[in-house]
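2 protein chains.
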Amino acid sequence: MFTKLKRLLIGRPRKSHELAGEKLGKLKALAVLSSDALSSVAYGTEQILLVLITLGAVALWYSIPISIAVLGLLAILILSYRQTIYAYPSGGGAYIVAKDNLGVYPGLIAGGSLLVDYILTVAVSASAGTDAITSAFPVLHDHRVLIGLSIIIVITLLNLRGITESATILMIPVYLFVFAVVLLILSGIYQWFSGSIHPSATPTFGGGVPGISLFILLKAFSSGCSALTGVEAVSNAIPNFKKPAEKNAAKTLMYMGLILGFMFFGISLLAYVYGIKPKVDETVVSQIAATTFGRGIVYYFIQASTASILILAANTAFAAFPLLAFMLSKDRFMPNMFMIRGDRLGFSNGIIVLAFLSGILIVLSGGDTENLIPLYALGVFIPFTLSQAGMMKRWITLKPSRWYIPFTVNTIGMLTTLTISLIFLFTKISQVWTIFLFIPVVVILFKKTSEHYQNLADQLRIDVITEKPEIKGSVIVIPVSGITKVVSNSIGYAKSLTDDVIAVYIGFDDESIEKMERKWKEWNPGVRLVVVRSRYRSIVRPLMKFIDTIELKRDATNHVTVLIPEFIPKRWWQRLLHNQTGLLLRAYLFNRQDVKITTVPFRLKK
Amino acid sequence: MFTKLKRLLIGRPRKSHELAGEKLGKLKALAVLSSDALSSVAYGTEQILLVLITLGAVALWYSIPISIAVLGLLAILILSYRQTIYAYPSGGGAYIVAKDNLGVYPGLIAGGSLLVDYILTVAVSASAGTDAITSAFPVLHDHRVLIGLSIIIVITLLNLRGITESATILMIPVYLFVFAVVLLILSGIYQWFSGSIHPSATPTFGGGVPGISLFILLKAFSSGCSALTGVEAVSNAIPNFKKPAEKNAAKTLMYMGLILGFMFFGISLLAYVYGIKPKVDETVVSQIAATTFGRGIVYYFIQASTASILILAANTAFAAFPLLAFMLSKDRFMPNMFMIRGDRLGFSNGIIVLAFLSGILIVLSGGDTENLIPLYALGVFIPFTLSQAGMMKRWITLKPSRWYIPFTVNTIGMLTTLTISLIFLFTKISQVWTIFLFIPVVVILFKKTSEHYQNLADQLRIDVITEKPEIKGSVIVIPVSGITKVVSNSIGYAKSLTDDVIAVYIGFDDESIEKMERKWKEWNPGVRLVVVRSRYRSIVRPLMKFIDTIELKRDATNHVTVLIPEFIPKRWWQRLLHNQTGLLLRAYLFNRQDVKITTVPFRLKK
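Line by line, the protein sequences are chains A and B. Take 244 as the starting number for the first sequence in this note's numbering and just add one per residue. Take 244 as the starting number for the second sequence in this note's numbering and just add one per residue.
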């Protein structure tokens with residue numbers, strides 16, 4: 244039944260050689276990998292204005308130079324990641340680049356930081372989507388957590404079905420959003436030039452602003468940089484592209500940069516010329532759309548597509564997290580299970596773990612994840628910085644012809660992202676201090692995991708020339724509680740394997756012991772019966788002691804096997820009707836003694 | 244560590260022969276078994292007044308004749324249960340008496356009804372105790388569920404320690420309560436006679452009351468009968484008494500009846516002569532105590548001991564539930580586990596199940612269990628009725644000398660309890676209708692359980708003369724994923740048992756398959772390697788298919804054993820680092836195929 248439900252939700256399993264068909268073309272890749280980056284357009288400009296408005300409306304004109312600075316940074320990041328794609332055609336996320344050039348620890352910091360960040364992305368996006376839904380239908384406000392979790396479940400199922408299928412479905416909202424914003428910007432600019440817009444109060448461009456400081460400007464700039472989260476997704480996901488993978492990835496990255504840059508600057512420009520101030524209860528994009536089109540059908544189309552792209556931002560993390568986990572686990576820093584491809588050829592375990600952890604975040608925060616946004620932004624800029632530093636090192640080491648050009652690009656990029664990281668740390672320490680907690684924890688977990696696998700390999704290694712399997716003697720112990728078909732079966736099985744079989748009976752009182760001994764003699768199954776008396780009515784402990792004495796008596800070259808008969812009832816609830824002594828015995832023996840345990844099934848027919 | 248905590252909370256395990264020392268003397272038995280019955284004094288009178296006050300204060304004088312009627316019923320119940328104790332010296336709860344005389348189904352209805360009732364008792368008492376605590380400390384009001392659960396946990400631990408120890412601790416509050424109420428009644432009566440009490444308005448005794456009807460009087464009477472819940476506890480618990488058990492039990496029952504009758508009528512009388520009306524925010528007992536002693540230290544002593552006896556009412560259920568479950572499970576109507584005596588010789592499983600189920604009730608109701616009280620009262624009177632009917636049948640069948648006297652007692656008892664049950668059904672159907680749901684469900688569960696055990700016994704039975712263990716051939720299958728120490732160990736073990744060993748390798752692609760075959764040839768462990776190709780990256784399914792073919796090829800007289808190596812890591816978290824293929828394999832194989840499964844432990848040293 245579980246299998247049927249799985250097939251219904253996820254589809255039939257795929258053969259391994261179908262993997263090639265699962266690769267992404269540019270159009271689909273853009274949809275799958277850019278939703279996080281593009282969705283930032285919905286709030287990037289607003290973040291800048293929110294900082295500036297603290298100095299009054301006269302300061303709002305600064306949003307234009309700041310937006311241009313953000314565009315510049317975007318250009319640097321795109322160029323820099325383009326270089327990375329060609330340098331690491333098999334997937335060059337911050338983890339790979341930092342590990343390769345700066346060493347293991349910087350790599351692990353970048354990787355751990357990104358992993359945690361993807362979890363935050365999903366939680367924050369699902370919450371943003373929930374907000375959009377509950378704003379439209381306030382009756383649902385009490386069910387925020389449930390709605391957030393449902394969003395995660397739907398995205399998870401789409402991703403478990405496989406990336407191309409989910410890409411086909413996800414293309415629609417992504418491109419609708421791009422179409423909506425471009426339409427908004429073009430119409431807005433046309434109306435501006437045609438002079439049909441009369442903003443209530445246009446701030447003067449270049450006017451003097453009392454109280455302005457470098458700190459405020461930097462804070463506004465760093466807030467605007469939250470529009471750049473998500474641009475790293477493409478460079479992580481190169482293995483998902485159709486061949487030639489690096490070319491397709493590089494092109495996709497460029498398209499994404501152009502679209503993002505155009506939309507971000509367009510929104511910032513319109514916000515300025517329309518004299519829009521950030522409001523508590525209405526977004527900047529909504530204000531621009533309402534001014535341009537009035538609150539008609541076009542307005543609602545823009546709002547709806549904005550809400551859906553915010554939800555879809557989660558999907559970028561669902562594409563990136565499993566891949567990063569795969570790379571970390573290939574390097575033995577994460578458990579093996581992240582290397583296994585599921586029925587539909589996706590890294591199902593990564594998808595499920597991401598869904599589970601972000602779901603926990605939603606539940607713990609009660610669906611209110613706004614406080615996580617600065618942490619989330621910082622968690623992106625740390626790996627950005629490490630990745631750029633790694634590329635700098637690479638150029639210096641390899642010194643290809645004209646290496647100083649890409650080196651300069653990466654140096655500017657590194658300095659900028661480092662500055663932004665520091666600004667985040669200084670201006671929002673109360674919201675981001677936990678990064679000093681979780682990065683060390685994650686890195687330690689990576690190291691411990693790696694050590695464990697190394698130790699394991701050392702202990703399992705064998706010399707095929709000298710080490711051959713060794714044959715020893717064998718004794719089989721059968722705990723019996725009476726004379727039944729089950730016991731008869733077990734003894735038959737044991738005697739088929741060895742002549743050295745001992746039956747053990749644990750008795751609680753003289754009467755039952757005597758009765759058992761008498762009946763055993765009468766039955767005479769050809770096996771010796773040993774009786775142990777238990778004063779404390781425990782079966783497990785006396786049996787463990789008995790096995791200890793067997794192990795001591797015989798020389799250690801003998802294998803000791805304990806046979807445990809287990810009923811398999813016809814219906815699941817019947818399990819409750821049997822004392823799970825067998826299970827308990829298994830658990831105890833297995834953890835304490837060096838014995839083999841054989842479970843002999845006895846299938847009940849009614 | 245778990246064992247240490249258990250020792251600390253519950254004490255050292257006891258040897259089976261210490262059981263005799265665990266028996267109860269009369270004084271302790273009264274404390275353990277009467278807290279439920281005695282605690283009813285705290286609300287019995289009030290229940291009557293609450294019905295009468297709907298007709299105005301002039302109707303309150305009816306409380307005196309109604310209380311006398313309740314006393315009469317109490318006397319009948321006590322006499323009737325006294326007869327039962329002598330008739331069933333090994334424990335004569337309603338289940339036994341009804342089953343023995345009326346048949347299995349009436350017995351199961353009585354037993355099931357009582358079991359559910361004990362769960363309700365614990366939930367209702369723990370909630371009443373919580374109310375007492377939160378009334379005193381209103382800040383705790385938001386933690387009602389937590390407090391309720393804590394009360395259950397403390398009582399559970401006391402009971403797990405063993406009945407004599409818990410009796411020693413529980414005697415104190417029970418006897419303090421009896422002392423407090425007797426003190427209150429005697430002082431109250433003294434003050435009444437000395438004329439120092441001036442009630443605001445004494446209702447006229449025997450005055451005409453407009454609107455009075457038989458229905459109202461019956462309703463008031465049945466409400467007053469809630470003071471009688473718990474009197475059956477003694478007759479269920481005869482096996483817990485010191486010898487001579489039945490004499491001690493009968494005496495304990497008489498003492499309990501006398502104390503309960505005296506306290507109940509005393510409170511009713513004082514309530515009447517003091518002209519006390521039921522209030523929403525103060526109990527009748529509190530009003531009497533305040534009038535008699537003023538709100539000084541004696542008043543608070545009475546209130547505190549009332550609160551503690553209400554909590555302790557739960558303890559009666561903890562004594563009775565495990566015993567009833569033991570009897571039902573001895574008759575194969577409940578799982579075996581209820582027959583096992585725990586470390587401290589109590590029926591721990593019954594205690595834990597009761598705590599768990601009542602805890603769930605508390606959580607589900609959010610600590611507000613008042614609606615359950617009528618259901619709880621009805622759940623007592625149904626077994627009362629069945630038990631009395633059973634005794635009637637017994638007298639008719641056995642016809643001892645002068646049988647008509649006890650027969651009359653039981654007939655009056657049966658008719659009264661039947662009437663009360665019907666009144667409950669008619670006057671409070673909205674709160675008690677669920678009884679028509681849960682009694683059939685519980686009875687069906689009993690029957691299904693009984694059938695299962697019967698079928699099991701049939702399938703396990705063996706003829707010791709003709710049926711002897713049968714020796715067959717044996718083949719061992721070892722799934723291998725590479726050539727490691729673990730595989731070498733497993734092969735050595737398998738070859739110690741039989742010469743017929745097959746290693747199976749599940750390969751995902753040509754390259755790894757070829758490599759494995761080559762390495763195997765080089766190693767040459769003396770065992771044939773079979774390679775199976777898996778197109779869907781699954782290990783379990785191809786292996787199952789392979790085992791199917793083995794079972795088909797060989798004749799069915801061969802045992803098939805699958806060896807599954809299992810790592811035992813040094814630290815628990817390291818388990819997460821291994822794919823649990825072994826576990827999955829075990830689960831699949833075990834449920835689908837007729838194979839024996841041997842787990843071979845491989846202990847990791849680092």
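Some clues are possibly wrong.
Any copy will do: because identical chains look the same in the list, a pair fits if it lies in one copy or spans two.
For lysine-lysine, the following BS3-like pairs were computed, each having C-alpha atoms within a straight-line distance of at most 27 Å [unchecked claim]:
(1) K490 / K715
(2) K758 / K813
(3) K764 / K636
(4) K711 / K642
(5) K848 / K796
(6) K738 / K796
(7) K762 / K573
(8) K690 / K573
(9) K715 / K738
(10) K520 / K573
(11) K636 / K728
(12) K671 / K788
The hints are simulated quantities; they were obtained by calculation from the structure and are not laboratory data. Note that the structure is predicted; figures quoted are calculated from it, not measured.
Structure versus earlier hints - violations, ascending order: As far as the earlier hints go, 1, 2, 3, 4, 10, 11, 12 are violated by this structure, in ascending order.
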